[in-house]
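Chemist: Input sequences plus hints: build the corresponding full structure.
With the working numbering applied, the sequence shown closes on residue 271, and no number is skipped along the way.
Some hints could be false.
[Unchecked claim] Pair ranges (Cβ atoms, derived):
hint, residue 1, residue 2, range
1, Thr196, Leu229, 31 to 37 Å
2, Gly251, Gln203, 40 to 46 Å
3, Val220, Val241, 27 to 33 Å
4, Gly219, Glu198, 15 to 21 Å
5, Gln203, Met260, 31 to 37 Å
6, Arg269, Arg206, 23 to 29 Å
7, Leu223, Arg179, 38 to 44 Å
8, Met260, Gln191, 18 to 24 Å
9, Thr186, Arg270, 19 to 25 Å
10, Gly249, Glu182, 33 to 39 Å
11, Val256, Arg199, 18 to 24 Å
Rather than coming from a laboratory, the hints here were simulated on the basis of the structure. Quick caveat, the model's predicted, so the values are computed rather than measured. Cβ coordinates follow ideal geometry from the N, Cα and C atoms, glycine included.
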Amino acid sequence: MSTERSQTSSRVLMIRPTAFARDDEAAQTNSFMQKSTETAERVQEQARREFDALAGALKEAGVSVLVFEDDLELPDSVFPNNWVTFHQFESGDGHPLLVTYPMCAASRRRERRV
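Modeler: Here is the structure:
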């Protein structure tokens, strides 16, 4: 008897990019962040297009997409997977477990909203 459990998601959380940009403070410890040759407006426009396309594709595939608006206008807010995870096993009170994580860069700590 296998004790492995597979986990797939029928729901996802996405945060709409309202101020997507390179965060210079976070870039000091994140080698994936590169300076763009595009204008800030072009980068933001592309981020919105890619966000809408991904949300649409997920919905078409039958995934429930919960979209939060980034009312704080943070450059990295589209990456909630860096500070929160949801788990199918239950905590002591019978609810699914939500875990939040600290953020290294002070500029990213404002993203945590739970």
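Chemist: Each of the hints needs a verdict: does it hold here or not?
Modeler: Hints and how they fare:
1. Thr196 / Leu229: 31 to 37 Å: Since the Cβ atoms of Thr196 and Leu229 sit about 23 Å apart, the hinted range of 31 to 37 Å is violated.
2. Gly251 / Gln203: 40 to 46 Å: holds (43 Å)
3. Val220 / Val241: 27 to 33 Å: violated (18 Å)
4. Gly219 / Glu198: 15 to 21 Å: Violated, at about 34 Å.
5. Gln203 / Met260: 31 to 37 Å: Violated, at about 25 Å.
6. Arg269 / Arg206: 23 to 29 Å: The hint (23 to 29 Å, Cβ to Cβ) holds, given that Arg269 and Arg206 are roughly 27 Å apart.
7. Leu223 / Arg179: 38 to 44 Å: The hinted range 38 to 44 Å is violated for Leu223 and Arg179, with Cβ atoms some 26 Å apart.
8. Met260 / Gln191: 18 to 24 Å: Hint holds: Cβ distance 20 Å, inside 18 to 24 Å.
9. Thr186 / Arg270: 19 to 25 Å: Given about 22 Å between the Cβ atoms, the range holds.
10. Gly249 / Glu182: 33 to 39 Å: holds (37 Å)
11. Val256 / Arg199: 18 to 24 Å: violated (36 Å)
Checked against the numbered hints given earlier, this structure breaks hints 1, 3, 4, 5, 7, 11; the rest are met.
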